[in-house]
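Visitor: Each chain, letter by letter, is given below.
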Amino acid sequence: MNLPKSPDIPNSYTVFAQPTRSGFFALSCLRDFTNTVIEPYAQAETETTLILDFSLVKVWDIAAVLWLIVALHHYRHNVGLSYLLRLPEGKDGMKPSDFDDYERSADYLRRWEFNKGLKNIASNVDSLLVPQQKEYFSPERPKHFYPDRKIIDNESLLQSLVSRRLVQIRNLSDPIFLGAKAISPQSIADCVRYFQSERIGDILNIQCGIEKRTADLFSDHLLTEALMNVQEHPNATIGLVAISLMGNTKELILSVVDNGDAIPQTIYPRYYRDLKSPEKRQAENIPSYNRQALPVEEKAKITNYATRAGVTRKMGMESQGKGMGLTYIKNDTVNTFKGKLRILTDGLCLKYEGGAAEDPKAEGWPHSWTGNLLRIAIPIEPHLQLRDVK
Amino acid sequence: MAKKKTQKPVIIVDVAVEDYKKLSEFGFVHISDHSWAKESRNNNGFLLLLKKCDVNVQGQERIHEVVISVTRPVDNLESYFEYFATELQRDASKILAKTSEPPIFILNLMPFYLSITRMDRILKALFLGKLNIRDGLILLMVRNLDWVLKSSVFQDICTQQKLPLSFFVVDLRCYAKRFHKNQFSDFEIPQGTFQYLLDINKTRIYNSLVFGTNSHIGHYELANSHVRTHYDLREFIARDNVWEYLHKFFLSLVDEAETVLFIGTGIERDVIIRVGYQLQTLFGQRYVVTFEYLPPLTAAENIDTTLSRQNDAVIVFTDIVNSGNTLQPLVQKLVANNSEHKPIHIFTIAKMRNSPSEIEGIKLNAGLTIKRDYYTKRPDSCKLCQLGQPPVKVKEAEDFRQVLPGQLTPYDFWEIVTDSQALLRKQKDPQGRFFSFRIDTHRVVRRYGHWLRNVIAQRFAETWPNTRPEVICTVEEETGLTFASLVSEAIDVNKIVSIPRRDLRRVTPGGGLPQNTKNPFDGVSRVLLADDGINFGNTMSNLIMFCRAAGINPMGAIVLDSRLDQRATDGIRVQMSRSPLVALYEWPTRSSHL
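Read top to bottom, the protein sequences are chains A and B. With this note's numbering applied, the first sequence covers 1164 to 1553. With this note's numbering applied, the second sequence covers 185 to 778.
Check before you lean on any hint, since a few could be wrong.
What the hints assert, rightly or not - Have a look at the derived ranges for each label pair, beta carbon to beta carbon:
id, chain 1, residue 1, chain 2, residue 2, range
1, B, 570, A, 1412, 53 to 61 Å
2, B, 489, A, 1522, 53 to 61 Å
3, A, 1522, B, 191, 53 to 61 Å
4, A, 1245, B, 696, 40 to 48 Å
5, B, 343, A, 1498, 15 to 23 Å
6, A, 1542, B, 491, 27 to 35 Å
7, A, 1412, B, 537, 52 to 60 Å
8, B, 750, A, 1531, 50 to 58 Å
9, A, 1302, B, 570, 35 to 43 Å
10, B, 737, A, 1286, 17 to 25 Å
11, A, 1199, B, 491, 54 to 62 Å
12, B, 680, A, 1185, 31 to 39 Å
Treat the hints as calculated values from the structure; they're not laboratory data. Cβ coordinates follow ideal geometry from the N, Cα and C atoms, glycine included.
Bound-form chain B, shown alone (with noise of 0.2 Å):
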């Protein structure tokens, strides 16, 4: 009986994130973001793409998403791949059972950094294994379509006549290849395709830059300004729909112009210089795109403006726009020389929300304002000044990264909790104990991660310089594990060892571990511990209690914050053999007080 005639399926294949780290054990590197994971694009911009690539698509067809777990255990690249294919296949025979129509797959590989031998095994699994999807099209998407059009094995593949019908790989810079009834051709597709697909809502880019990019927080004093935040724009602009988001921006600015001048300028500058780059390569096939670096505090003294009068625009673009006075002499050069009227844009990264809207009368293009406000260098004017904050003068982008010694400082600890609503009043702990306040550890390590990791980081460094452990130890409760991996990323130690509340209360000095538990130490002998806070100090004892009944002696322990005095401090040390005790933060009152 024929199948009755239903949409044509489009199935976005995807390697779930999941897996990424399995992956990763076989040399399989992921990109640092997750832009292009289901959740954070939009999957009619697939459409779209299939349109550029002239396939016959009408905006009618059913999309399914298959995102493909490989959960039995494998030891290779090739196993991971040929279960992947018979995961696909049978997901595959689901969707297709219910219609006649051919398919048109659409594997998105464009979360890897790959290689051509990774790109062999890949496609060795895919299209020399059991895999049949020889009647459809298949859009294959990956970073660069070298590592398949270079890859041996495609070649065979290609000489084989095993490739589907239809073929199609298109990379992330737009270049794509055509390989359709044993006909090939090479063609490219127009920029910005990828802004419809992937996620550049501002909201979403701005959530990406404040609480999803490493940052620091300090007081740092500027030449023109004093702030409190700095984010990592190196990490935030290499993302894939970051990159996307500011180059709408940078086209609509381009607009008509035939030849442009870009003046990146800004104390970031690895970042404007790599924007600049990605400027040139991008557009330099449409416009003449000329590209210069300016260090911000000299840069109306070094710029030639008889570049800037020979082409038809001048785009300024800066990282982070405070007051706006490092840029304005340079602007104000800029319009003083501008006989001809051509038009000059400034553009930002990100300014803060009292910075001006405009500098010389130009308007002050931001692609994201951060919901803080940068202070004058008054001491009057700055609350950073007024509260005492130790200060970090930044000369360079490096200044920022440092965490002082005094950190975490009382109005670091408290502006953050502040700010995640972490703080809890008159509740119970999981153990049933009543505080008039507790800190809601899990919120503040969500919005505030980054930056403490490079606390922790730091504090690690300077307390046990030049070792590891190998081992974290933390108690199975939630608080006490989202800590123990914020210690493991900032240190990168990927072992951590969760023990059961049960088993804390069961240890005793004179009877060794508890009946029925195994040492979960075994061949260890370095273990760190780590907690989200010490109360009273009756978590950290029994921890360090266990640690000796399984025959370790703690390296040491680090904790978010502690309640404790100097005398209760000495006392969980004493227990360590004077290992060190280190708390991010310690609370000025007694724990019986709160």
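Same shape as in the complex, but just chain A (with noise of 0.2 Å):
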């Protein structure tokens, strides 16, 4: 590959994350920015600092952040690749739209305190990004994109959730501290009685007219359980939640990632029992999962049917009762809600949208980190004023 050097940064490359033409990074960039661009260096275990540049990124899927982070600290943590981040902002010689779009995508990182998330990999975070960019995190300049009080404002969804901190990317483990605590359904708890207790519900109810009774779903309940659903991952390390807006698709969107077992190689025991081999109770008989070896499609089917009701990764007694958090987080995100579903898990994604019983889409999504991505996104009222909002 040639590759620019970086010339203050010594056995340095520089390597671009392409966003969509509007400047949209969404999941789809980040698969094939990890995929055909990281993957052969992390393989060629070289020596070279890696500068992953981001600064052409304007509008940010706050799915694919919160994913980023998960596949930073696999290329860190287990590859051992080093790298350093240069990240959006508006330069010296922009365009003025081009200046406030990417001062925006800056504001935007710092508002959903992206770095909270980076003290995953590096307790000192400024260690993560390029040199030039070390205040990066606390500017002189307000966060004026996002801002959290001093405009009247009442119409904005997004200032409301801003003012609220609502939006802000959450670590369901304590990152921060030597010796830090693991995911817990202490530090889920926590997180469940902040979401709740500050009644998101009553800004979607005024100001999306979406009906109280359904608004007030969104966190005691479907924020809830998928904030509980990340416990039903095994191995968990980090886990992470964060909800945004998305402008362009008038959609409010929630996404909580882990670095957890994936849902299929959790569920396998039970499918495998239920489906493949009904007659052999037995644990001692089921194969045990093999990530290679499954296909794409198979592969579906396992993640498709742990959303089913009543399918948990626990077995026999332990399991009555149990096995509904992702159905219950499927039928209403589809049928309550009228939105969309996506499960990112073990090489693959599912899209549920337009009727939950109906068989996902399933596609492709390669990644050499564990883990699994839950994205659900609600549609807010056409008439809604998102001017905050790209």
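Work from the hints to combine the two standalone chains into their complex.
Guide: Now the structure itself:
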């Protein structure tokens, strides 16, 4: 690959994350970036420092941001890849509209506290950034594109969410400390308490015209179940949740990610017992899950099976009355909110929309790290004024 | 033999507060206050609630309270509620043995933020298990009734006809559903019903703000005044009883108006907007409600007076009023544009003792009056300026949350000691040593624990960045444990190891741990010592020695106050291989003088 050297960082190469033509960094852009650009370096076990350059990104999908954190953690922790991040920002000489777009993009990362997520990788986040951006998360300029006060703007849903600190990325573990807590029911409980006590339902009711009881279900139910679901993925040390808005599609986005065992892996024994070999009830007869051997279609079936009522990784008596979390999330996202659910796990992406009972669309989404991503997109009323959102 | 006819029993069933921690291990989330706990509510309100549900109650019913704690070990939520159901069955049987009347059960789950999967497990244990209360009526109280109605287990229970004869579910938002003889109907109970159930006594609400809410103490310079304290209204207004208390005020101000403009203004923007939204949601079904938030310093410039003229009434509300000067221009403009003499009201969540009773001739309605004064901006009239207390310029609510490097200042320390009545004179300590002056830590923590937590968290973060102890170690005495608990809450470390005094006395540098003493630090590498105060340093020295005998070098120590001079402090630090010793307050006098 013929890549530019960075003049002030020895033995380094810059690789660019390519957003869509409009500057949007979607999950698919992350997939392309990691698979076609980063992976070759990761496999080559190079001593080179990669400058992962995101300076072309104007608009972020919050799910891609969270999944990027899990990916970066993997490349540092499991692969030992040396890298630095270059994040977008407005620069002298840019067209005013571009300058604003990149400043907005930078402000987004600051307001959503991307640095909190990066704490999972390094306690000193500055050490993950190129030298020119050491002050990136504590700029002298205010975050004027995503203000949390001083503006009379009760019409903006985004403004309300920002001012109530509901958008920032939340860690479900505590990576800041030596001796950090792993993801625990307690840390999830703290997060649930915050979201439920902040009455997001009132905001959605008043600003989106969503009926009160339905609006309350967003935080009282969808968000809570999505958070609780992280506990079903063993070996997770990272758990992240965030809410955002997509102005172009007029959707409220909730995303939860973890780096635990993948859903197909956890559900495989149950799937095998129930569907492949119902006559063989003993667990010892169930072959172990082989990530490499199973085709995407099979993994999609297993993952889809996990969203059915009563399907849980637990077996026997322990499983009774359980296995409803993903079912409720799927049904309410698609049926109650008329939204879309995306589950990204173990190399595939399942998309549910327009009727939960229908088989989801499945596509390959190769990734070398373990983990799971839920992306819930809820449509909001078209009359909303989303003037702060791209 | 037929049982004697007696009063209809109403059995109120609660989960014991001491079980909340156990339940939280299963992802069961409780609210952060005790609004719904047995001792903080009015049980007659339950009868009113039943009436609002059209249940035939006469007011003569006998109310029984059953608070259930599951003492046996459980490893999941289902097991907990299975045992809960068993305990409930046993307690209910005792009550029902004395009556032939069908019972009314009220199961209070209001203190919990649940989810549908959590509700599945509760309902399964209660209705598909051993509990047999089919003859009575059950009223289930939850924060969101859709957790019940959307539960697949609940749908199974309905299909299997395992619900009691009459079943009601009511939620905090006043939505309700009735199931009776396989028929069901939706209804709503009147807004404000919970006012009669929760304790909205003014003194209780006041104590809840001043002593039960996270607070900050300092010298805060606001635009028009100087103040000493700030309370975290964000946490305060999220409490159910506080909201009912405020709701009552707002309801009285709205009175007969059909269209109301609420203008929220104040430095606690998040709080104001939250209240505004809640009012819109609450009153929106009965009145036409408009809500505007205006930043305090430019509110008068930005108010749209056509909006105020279009409504039957205007209610200006704010977080805290000190001098009233910030509100004055806004109110003045509203009054000047009120040619039709429509009602204009002002409401503040709290005001100070010396705040004005009216602004521009309009009564200042206050939820609470804080028993403190505000000071004017003139340095000669501000006691805090005169005493040289380090000032914080407040431009936004976040500025209140700072702990300055100089805190606790002597004024901070002695004010909290005096206000808590915690200065003990001429008394012995638990070790029998006589002191001219001693501090009652328990009293200080009871009154000012919230603020001290902030100070501890700040000092801890400065002294030990990016690390956290696995264990907090203290002496097994009430004073030490009180402070250690506060430290554990401040830095979020759950494990406290307390060492009995007799073990501390027996530990020697050359002898390892005392005989018959187990090492409490097995598998632990980071221990933080905590004690309420250091007088001569003996207890702290012994705690360090105990840790070292157990193979641990403490990462440091934190105490509320220290009477040691620099040399003695260094001596303690040397024992810990120069690890830090943090005292929130250092007495200026040597211990031998006290």
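Visitor: Now tell me if each hint is right for this structure.
Guide: Hint by hint, here is what the structure shows:
The beta-carbon spacing between residue 570 of chain B and residue 1412 of chain A, approximately 59 Å, falls within the hinted interval of 53 to 61 Å. A hinted range of 53 to 61 Å holds for the C-beta pair residue 489 of chain B and residue 1522 of chain A, which are about 59 Å apart. Evaluation of the 53 to 61 Å hint for residue 1522 of chain A and residue 191 of chain B yields a pass: the beta carbon distance comes to about 59 Å. The beta-carbon spacing between residue 1245 of chain A and residue 696 of chain B, approximately 46 Å, falls within the hinted interval of 40 to 48 Å.
One distance hint, 15 to 23 Å for the beta-carbon pair residue 343 of chain B and residue 1498 of chain A, holds here, with the actual separation near 20 Å. For the pair residue 1542 of chain A and residue 491 of chain B, the supplied restraint of 27 to 35 Å holds, since their beta-carbon distance comes to about 30 Å. Distance hint check for residue 1412 of chain A and residue 537 of chain B: the Cβ-Cβ separation is about 53 Å, which falls inside the suggested range of 52 to 60 Å. Checked against the hint of 50 to 58 Å, the C-beta distance between residue 750 of chain B and residue 1531 of chain A comes to roughly 56 Å, which is consistent with it.
Distance hint for residue 1302 of chain A and residue 570 of chain B: a CB-CB separation of about 38 Å, consistent with the stated range 35 to 43 Å. The hinted window of 17 to 25 Å between residue 737 of chain B and residue 1286 of chain A holds, with their beta carbons roughly 22 Å apart. Judged by the Cβ atoms, the range 54 to 62 Å given for residue 1199 of chain A and residue 491 of chain B holds: they are separated by roughly 56 Å. Taking the beta carbon of each, residue 680 of chain B and residue 1185 of chain A are about 55 Å apart, not inside 31 to 39 Å as hinted.
The structure does not agree with numbered hint 12 stated previously, though it agrees with all others.
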